[in-house]
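As a plain string of letters, each chain reads:
There are 2 protein chains.
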Amino acid sequence: MVVGIIGLGLIGGSMAIDLRRRGFADEIIGVEAEPVNAAAALKIGLVDRVTDLKECALESDVVIVAVPVGAATRLIPEVLDCFSSVSDAGAGCAKVVMDVCSTKEQLAAAVKSHPLRSRYVASHPMAGTEYSGPWAALSGLFDGQACIICDAEESSPEAVGAVERIYDTLNMRMIYMNSSSHDVHTAYVSHISHITSFALALTVLEKEKDEKHIFDLASGGFSSTVRLAKSSADMWTPILSQNKENILHVMDTYIEKMNAFRQAIEQEDEEAIRNLIAESNRIRRIIR
Amino acid sequence: MVVGIIGLGLIGGSMAIDLRRRGFADEIIGVEAEPVNAAAALKIGLVDRVTDLKECALESDVVIVAVPVGAATRLIPEVLDCFSSVSDAGAGCAKVVMDVCSTKEQLAAAVKSHPLRSRYVASHPMAGTEYSGPWAALSGLFDGQACIICDAEESSPEAVGAVERIYDTLNMRMIYMNSSSHDVHTAYVSHISHITSFALALTVLEKEKDEKHIFDLASGGFSSTVRLAKSSADMWTPILSQNKENILHVMDTYIEKMNAFRQAIEQEDEEAIRNLIAESNRIRRIIR
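Same order as they appear, the protein sequences are chains G and X.
Counting from 1, one number per residue, gives the positions in the first sequence under the numbering used here.
Counting from 1, one number per residue, gives the positions in the second sequence under the numbering used here.
To be clear, the hints were calculated from the coordinates, so they are not data collected in a lab.
Values in this document were obtained by computation on a predicted structure and should not be read as measured data.
Incorrect hints may have been included.
Unchecked claim - Simulated restraints on C-beta separations:
| id | chain 1 | residue 1 | chain 2 | residue 2 | range |
| --- | --- | --- | --- | --- | --- |
| 1 | X | Ile44 | G | Ala71 | 54 to 64 Å |
| 2 | X | Asp216 | G | Lys112 | 21 to 31 Å |
| 3 | X | Val36 | G | Glu211 | 39 to 49 Å |
| 4 | G | Glu268 | X | Asp210 | 49 to 59 Å |
| 5 | G | Pro157 | X | Asp216 | 22 to 32 Å |
Claimed, not checked - To spell it out: a stretch of chain X is covered by chain G in this simulated footprint if at least three of its residues, at any positions, have a beta carbon under 8 Å from a beta carbon of chain G; those stretches are:
| id | region |
| --- | --- |
| 6 | 174-186 |
| 7 | 195-206 |
| 8 | 213-223 |
| 9 | 235-248 |
| 10 | 276-287 |
Said to hold, decoys possible - For lysine-lysine, the following DSSO-like pairs were computed, each having C-alpha atoms within a straight-line distance of at most 30 Å:
| id | chain 1 | residue 1 | chain 2 | residue 2 |
| --- | --- | --- | --- | --- |
| 11 | G | Lys54 | G | Lys43 |
| 12 | X | Lys209 | G | Lys244 |
| 13 | X | Lys212 | G | Lys209 |
| 14 | X | Lys244 | G | Lys244 |
| 15 | X | Lys244 | G | Lys212 |
Built from N, CA and C at the ideal position, the CB exists for glycine as well.
Looking at chain G on its own, in the form it has when it is part of the complex:
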């Protein structure tokens, strides 16, 4: 199987490692806009060669689009256009393109009326670290984590099957939902926690002028809470922008909760503080 990967960062690179190591990919063709990252991906051995999008689309059996969601919205139709130009395209096209992005509705809209829509499978492997680039790629990143497959009924059954084999190879648990539900649930469970970390980092950097104090006093708890604030602006800017409505809803609830704490503390209402904390402790039942 020839696998094409557009975007050789943390996600694309980590897929490359395990798809090759576990025998799924015989050859991996990379596409990478940033020359330094392309050179690194070749040097590390993530990919066998680096080409342009068209060559990658024409020569790969499966193309994985692993770029920030703004660029993916533009590139996935381009990959499908390349598929159309292959002689056996149309009903007989056996090629598949998939993405790995964290928001889905705008992507779904961008491919909706493409004649080869059924060759695209929308997916979101929910794994990552706060680091980025080909140097951040690592084996085992996806093992045991959840992967959402969106709008599977819009894709041909064999295209979905090919993508499922990829995520089986990566040892992921698959969950199926439509794009719209995906964007609601990821806003609630993933996107808001990134925003709370970004805001925490901004706050501490502003209030604690002397970085040495942060370094000296940061306990494991602070480090854990602020960890996501290291996440890439290139990746997260289009996510927050594309999932605007769902994110604004969850942010409004979050700001309400912060204000409830603020009021309880200001009024020295220990019973109210205790009730808020005890209620939040319910998360123990769900998160290990």
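The hints should help you fit chain X onto chain G, whose structure is shown.
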């Protein structure tokens, strides 16, 4: 050396384990208001016996007060009162009492005019987990972490020396500051991150009615950000209440930052979103 520990939870219990294992304590006397926890601490072998506060104060060389800060504010003067009743008390008293609480100004005020003030050393080992009780105690909890010693000039040099030997035994890095600075810096670096986690848990529990979705979709990032929301209400209620002024200041800055994000997202201002994230990324330089 006979060590008394009042409060046999995560912190008191973990100190008991390593002070005994590393040869500092020959005997450990525990005091614990909760009978189930007292029985557990005896059964696990954290302490040799459980007594009341007076017996513990009279028979120990060093008393560690490891209870929530509201109770500590009441108990530390009681321990000093017990010291006064010993025949060689006063200038000749060789006993030491120390606390491990996360806020310091109100404690400092509570002991300020006690005749044996110099036998009390205020300290805050910045280590912990989100779990509590004697079952949560573990060896190595403090290794390599920071410990703040407050108002050292108010304590006698040998009392400070005894406490420094304890933290040396626990492999902690000591930092010295006054109570007022302590409460400012811990509000900035520690207390705010607990509040942001509590609010995150409350938000996700409210918005995501189906807990199965949280369980299925929670990635490592969400788990890390929400981890502190498992923290004990008994411990955190008095901290948030006692450090009110500093916490309100830092919460106001935090709410401003959240509103800045909200506005940038609402206006689909990708440049503003990118700038906020890139600015928050500066935390990479400080936190590993």
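Handout entry: Violations among the numbered hints, reported as their numbers in ascending order
Key = Of the numbered hints, 4, 13 and 14 do not hold.
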